Amino acid sequence: MLSDYLNEEMIRLKVKAEDWEDAVRQGGSLLIDAGFCEDRYVDAMVEAVKTMGPYMVMAPGLALAHARPEDGVLGLGMSVITLETPVEFGSEKNDPVSLIISFGGVDHESHIGMLQALARFLMVEENQEFLRNATSIPEVLDSFKDY
Amino acid sequence: MNRMKIMVVCGFGLGSSMVLRMTLDDVMKEENIDKEVETFCVDSYTATGQDFDLVFTSNELLYLFDNIKQPKIVIENFLSKDEIREKGLDLIKKFLDENK
Numbered sequence: 002m003l004s005d006y007l008n009e010e011m012i013r014l015k016v017k018a019e020d021w022e023d024a025v026r027q028g029g030s031l032l033i034d035a036g037f038c039e040d041r042y043v044d045a046m047v048e049a050v051k052t053m054g055p056y057m058v059m060a061p062g063l064a065l066a067h068a069r070p071e072d073g074v075l076g077l078g079m080s081v082i083t084l085e086t087p088v089e090f091g092s093e094k095n096d097p098v099s100l101i102i103s104f105g106g107v108d109h110e111s112h113i114g115m116l117q118a119l120a121r122f123l124m125v126e127e128n129q130e131f132l133r134n135a136t137s138i139p140e141v142l143d144s145f146k147d148y
Numbered sequence: 038m039n040r041m042k043i044m045v046v047c048g049f050g051l052g053s054s055m056v057l058r059m060t061l062d063d064v065m066k067e068e069n070i071d072k073e074v075e076t077f078c079v080d081s082y083t084a085t086g087q088d089f090d091l092v093f094t095s096n097e098l099l100y101l102f103d104n105i106k107q108p109k110i111v112i113e114n115f116l117s118k119d120e121i122r123e124k125g126l127d128l129i130k131k132f133l134d135e136n137k
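Protein chains in written order, with our numbering: chain V, 2 to 148; chain R, 38 to 137.
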């Protein structure tokens with residue numbers, strides 16, 4: 002279940018972010034604080050957007066921020082943040098972004114179940130809408146229990 | 038029969054491409070052709086050296102495939118089965134028909 006991978010500490014709603022980099026760093030800081038990655042992993046996530054372009058904005062208004070396992074992942078983990086004001090990543094089709102999922106995987110396989118649960122949830126458009134507008138973390142966690 | 042090889046490419050081959058592959062696999066199952074295709078994720082550094090019949094990627098990484106002859110499909114919403122159907126299904130079915 003998606004709720005197996007997330008708890009209250011890994012979710013922040015209606016966060017204020019200056020720009021895309023600030024938003025990615027805030028999502029990443031939840032991973033650092035929980036001990037899932039080193040500081041340099043978050044630098045690598047930011048670098049990835051800078052060097053490869055905003056391809057991580059993989060759906061309208063939604064970014065999946067991550068880097069490689071060898072960039073400093075300590076354990077499998079994921080964080081979810083929504084933004085009070087959406088930010089521009091430079092994605093021609095999918096800007097502006099108000100939902101940022103950050104994750105780190107320890108190898109190329111072990112995070113598949115986590116991403117699968119996430120994709121099941123996000124594929125339902127009403128769920129994305131609910132998440133973007135949500136103001137209660139317990140309610141969000143509750144909605145993750147069905148996926 | 039050899040299965041059709043469908044490659045899904047993103048920067049590291051383990052995040053957004055994995056999600057796109059899941060959406061694609063769902064469509065293949067719903068169309069009842071999942072046994073005839075093989076989907077796999079690759080990072081942007083090794084993508085062009087792979088053996089594949091068709092590639093799915095994002096607009097930002099399309100330039101990697103400027104010089105390849107296989108069909109390229111750009112997806113904007115990696116969670117949209119409809120977009121994958123619209124842009125990719127005819128090409129996939131045509132390939133399967135031609136290579137029976």
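No wet-lab data here; the hints were simulated from the structure.
Worth double-checking, as some hints may not be accurate.
Simulated crosslink set (BS3-like; lysine-lysine; CA at most 30 Å straight-line) [stated by the list, open to error]:
id : chain 1 : residue 1 : chain 2 : residue 2
1  : R       : Lys-66    : V       : Lys-146
2  : R       : Lys-66    : R       : Lys-137
3  : R       : Lys-66    : R       : Lys-106
4  : V       : Lys-94    : R       : Lys-118
5  : R       : Lys-124   : V       : Lys-94
6  : V       : Lys-146   : R       : Lys-42
7  : R       : Lys-72    : R       : Lys-130
8  : R       : Lys-137   : V       : Lys-51
9  : R       : Lys-124   : R       : Lys-106
10 : V       : Lys-94    : R       : Lys-130
11 : R       : Lys-72    : R       : Lys-42
12 : R       : Lys-109   : R       : Lys-66
13 : R       : Lys-42    : R       : Lys-109
14 : R       : Lys-109   : V       : Lys-94
15 : R       : Lys-106   : V       : Lys-15
16 : V       : Lys-51    : R       : Lys-66
17 : R       : Lys-130   : R       : Lys-106
18 : V       : Lys-51    : V       : Lys-17
19 : R       : Lys-106   : R       : Lys-42
20 : R       : Lys-106   : V       : Lys-94
21 : R       : Lys-137   : V       : Lys-94
22 : R       : Lys-42    : V       : Lys-15
23 : R       : Lys-130   : V       : Lys-51
Restraint-style ranges between C-beta atoms, simulated for each label pair [what the hints assert, rightly or not]:
id : chain 1 : residue 1 : chain 2 : residue 2 : range
24 : R       : Lys-124   : V       : Arg-133   : 22 to 30 Å
25 : R       : Lys-137   : V       : Arg-133   : 16 to 24 Å
26 : R       : Thr-83    : V       : Gln-117   : 21 to 29 Å
27 : R       : Thr-85    : V       : Lys-51    : 17 to 25 Å
Bear in mind that the values here come from a model prediction, so they are computed numbers and not experimental data.
Here a beta-carbon is modelled for each residue, glycine too, at the ideal position from N, C-alpha and C.
Violations among the numbered hints, reported as their numbers in ascending order = Going through the list in order, the structure violates hints 6, 8, 15, 16, 21, 22, 23, 25 and respects the others.
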